[in-house]
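Heads up: the sequence lines are chains P and L, in that order. Using our numbering, the letters of the first sequence correspond one by one to residues 1 to 327. Using our numbering, the letters of the second sequence correspond one by one to residues 1 to 319.
These are computed hints drawn from the structure, not numbers from a lab. If you're wondering where the values come from, they're calculated on a predicted model, not measured in any experiment. Just so it is clear, CB atoms sit at the ideal spot from N, CA and C, and this is done for glycine as well. Among the clues, some could well be false.
As the list claims (entries may be wrong) - Selected chain P positions facing chain L (in silico; Cβ < 8 Å):
(1) M140
(2) L144
(3) Q272
(4) T275
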Amino acid sequence: MSLVRAESRRLVKRRFTKLLVAGALALLAVVAVSIFLSNEKVTPAQVTAARAQAGRDYQESVASVTAEKQKCVTEGGTDCDTYYIPQPEDFDYTWYMPPTFDLRSQFGNMITTFAAILAAVAFLIGASFAGAEWSSGAMMNLLLWRPQRIRVLGSKLVVFLFWLTGLTLLLAALWTGAFRLIAETHGSTDGMTPGVWRSFGLTGLRGLAVVLVSGLLGFTLASIGRHTAMALGALIGLGALQVGAFVVATVAELQFPGVYMAPYWLWAWMYQDFTLKDYASCDYSASSGCEPAQFVMTWQTSGLMLAGVAVVATGVAMWTMRRRDIT
Amino acid sequence: MTAVLEISGLRKTYRGRKGVRNALDGFDMEVTSGQVHGFLGPNGSGKTTTLRTLLGLIRPNAGRMMILGREVPRHLPAVAREVGAIVESPQFFGNFTARDTLSLLADAGGVKRVRVPAVLELVGLRDRSRERVKTYSLGMKQRLAVASALLKEPKLLILDEPANGLDPGGIREMRTLMRDLSASGMTVLLSSHILGEIQLICDSVTIIAAGRRVAAGSVTEVLSQHSSTAVKVRLEPGVDMLGAAEILRNAGAQVTLEADHFVVGNAGNPAQVTKLLAEKQIYVSELTPVAADLEDVFLTLTGSAPVDGRSRPVDGWGK
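Based on the provided sequences and hints, a complete structural model is requested.
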């Protein structure tokens, strides 16, 4: 228990932790303020005017295309059937309104933005929490006091993950509150049923998982390399590796090179699925009706991959902690 | 007296691109309770490897180690509370203050934080304890390291080069501190290159070379075991020194001539020297035994004395 208390104090006392949390707060504030300033509340009169304008544009477009088609028929054209007659849904009335923040349709993206920012911060704090301790010699000093390597590293990791969970939940509450406020003052909260909130909650939990795995990855990579820079180097290396694999798969004309790209899997995790299409699988055209081959990445598969990465990284970090000499 | 620290047959091998290196090659050591024990050896001889192995930082290939009667590393977590240690250069997180550094260690080790100001006072850092460690000089970091080791009020204190970076005043303070700690019943294992300090402070020593113990015992014993029977002979001014040396050589003495005196290397009975010379009407003005100090013994035993025109090896690679 004393070790947990010491590591908790150590984590929050670190200047790097404070700086990065402040940086994350600033970045989140910039995003929220930008959304606030770039949207405005739309009055019923503006909605009515927008609907009317959309209707007028639709009618004009239909009339124009119909006239063109008629002219084609009159002139004995052979491809007059290819003229596309516009549909009412092609003229969304919201396009005719000033930007307004719709909580129901837009907050999902804001959760992903939040998770991405927090995940980056978590990686850096995790990497520094383990790496700087190793490179400064503080870890060795600590092990002279508590010569229980697995317990020391495990305590550090658990403390860090709990702290990260607390921080993420706290900021997520503020984030949600901020966007609720933005929607009420500069947008709309229409259609926010309990089901929608539940859906946002689940997306938020998936975002929390991304933040935690990112933090864990930073911590474990730095611990394995015994330096903060090792985690950053490993991250760059893994990024280069997946881009390389993507390029090679593309050159080799493999069917779905996108499966080698981690961002697609993360997208699938956050938005429940992501579909890769192989447009070379048949003679695809808008009119032929040929459907390209598809590969659907699901959040379940992505979740298993995230869990696998977390387990392997933790296992290797613990193994190296146990086996390697501290010189 | 009981043994606080026992090491026997300790072996540590490193395999690298340059080959196999035996950092420790069956090393033995024993430190008895209440003593200040010096641990000497040239660079790369295995001192720090021994201390790191003892403290669980390095895994040995073979050997047995006991601290306070308990086998380590198996029981190290249990005895760590009673062992204070600094290994090599002091290493702390630079952005924390000395006070924070020690209070975090106190928390981690289950020591009450009220000990922190006490040890800071003891090592003379109280007034600067709220400054970041990265602003400290090497000597101040060294003091902080000693403070961290003392925080637990250990029964065994292991200090690796504690005088590194200290000015003469600091070295003297450290010496006094060691003596006081020893007087309070603490056992101190002190690794140092400053042999004069070791000779002044320590009750007993272990000398290591190439991973093996080459001498051990009380300082007096080690010195006496390796002291010579040589005597320094000085004659009255104007007396024929060469002739006197020849007389002694004819009697079987090993004589080395110096500028204003000569040394008889095998003078087991110094009276014989005066007798032989007096018989030839040559009278000795000074006859003193050539005493070995710890530095002489160290250089002889470890083979680390500098030789003109040769570079000095610093480790045992390839041995």
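Taking the hints in turn, this is what the structure says about them:
| no. | hint | in the structure |
| --- | --- | --- |
| 1 | M140 | holds (6 Å) |
| 2 | L144 | holds (5 Å) |
| 3 | Q272 | violated (43 Å) |
| 4 | T275 | violated (48 Å) |
Violation of the numbered hints given earlier is confined to hints 3, 4; the remaining hints are satisfied by the structure.
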